[in-house]
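Visitor: Chain by chain, the residues:
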Amino acid sequence: MSLRIARTPPLAAGLLLAATLSAPPARALDLGAPLPARTVAMRNVDGRPVTIAATRGAKGTLVLFTCNHCPWVRAWEERFVRIGNEARTRGIGMIAINSNDPSAYPEDAFDAMQERAKSHGYRFPYAEDATSEVARAFGATHTPEAYLFDAGGRLVYHGTVDDDARHPDQVRQHFLADAVAAVAQGRAVPVAETKALGCGIVLRPAAQE
Amino acid sequence: MVRPSGRARVGLALLALLALPGALGGPPRHPAPLTLVPVTARDVLSLARRPGAAATLVNVWASWCVPCRQELPELLRLARDYRGRGLRLALVSADFDSAAARACLVGLGVNGANFLKAEDDMPFIATLEPRWSGGLPATFVYDRAGRLVSFWEGRSDYARFEQAVRQAMDRGSGPKTREKT
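Protein sequences appear in the order of chains A and B.
Under the numbering used here, residues 1 to 209 are what the first sequence spells out, in order.
Under the numbering used here, residues 210 to 390 are what the second sequence spells out, in order.
Rather than coming from a laboratory, the hints here were simulated on the basis of the structure.
From a predicted model like this one, the values you see are computed outputs, not experimental measurements.
It is possible that part of the hints are untrue.
[Stated by the list, open to error] Stretches of chain A that chain B covers, calculated by requiring three or more beta carbons in the stretch to come under 8 Å of a beta carbon on chain B: (1) 106–114; (2) 157–171; (3) 186–198.
Ideal Cβ positions, reconstructed from N, Cα and C, are used throughout, including at glycine.
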């Protein structure tokens, strides 16, 4: 199967502003929803095409919307990288996705993603959602934002990494790690929906705009 | 460090507002130094319910958030334009580092009392608005009774801010309503 990777040319500031202001409010997937945008081809940091479908694990799939520039991402990064790397050894696929428009955040450009994945030990795909189509399909609004699907491809966890971004030694509730462990063991996820502040995703203009 | 209780923080926040008039973007009659008052979501809601304003616009932002920084000048212009009509603007920074928030506000010419989130994210989000995903910026507009009239996430512009404020002022004495997003 050949995959075409969508790419967006650099955007004029005016177009970006118009798209930002006119974008409808996102609605995140409901629990139980099927895994969307499975076959959308994105560019992985290794330069090759990747899809969510290709990263699915036998026991589940973890999709994390992230980026490079965000202080919340940086605060949680060591933790979600560890969770993602370990998840893959437990039969759960993992993919990190950057849907930000790099014209808004140059730090989120593809070459910076490559460097980030290398320097921080990502052992899972880190993909460029070059049309923001995947973020729209999920209703993802900010980074980091995690979506965990069970073996049947149904959403069983949506939310944040844990309850304390700034102080790893003061975390009381390991939401994402606990959810991954539960899915790996075929158990119900203990806390299925959580929230945290994060960096709003600046989507690229939709194709019809 | 002993953190003040929620009730104490309300008092601190409101005391700061009363002590430092002319803040939040409006041209102050007596310019006051910029202060960042730590607040919980309950403090913010208490402020919105406090008499003396025809509408309250709460904007949660962060200094490193580009869309937030892009819309702040629009908010400050609105605050100036509606100062005489009773608009209360409350800027709540979600910065990890208060110095960064302070530098950003100083650069925009803001003085007086402003706010810094001092609560865990989940209760802060849930108390302000359960529909809020946590993305920034986030804007909440309340009528004179402190009832939420409009809420949205993401960058906006002067026209939308003004429309929401006018709606809140118009509905100030009417039944509780919420904008569908």
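Visitor: Are there hints from earlier that the structure breaks, and if so, what are their numbers?
Guide: When the structure is compared with the hints, only number 1 turns out to be violated.
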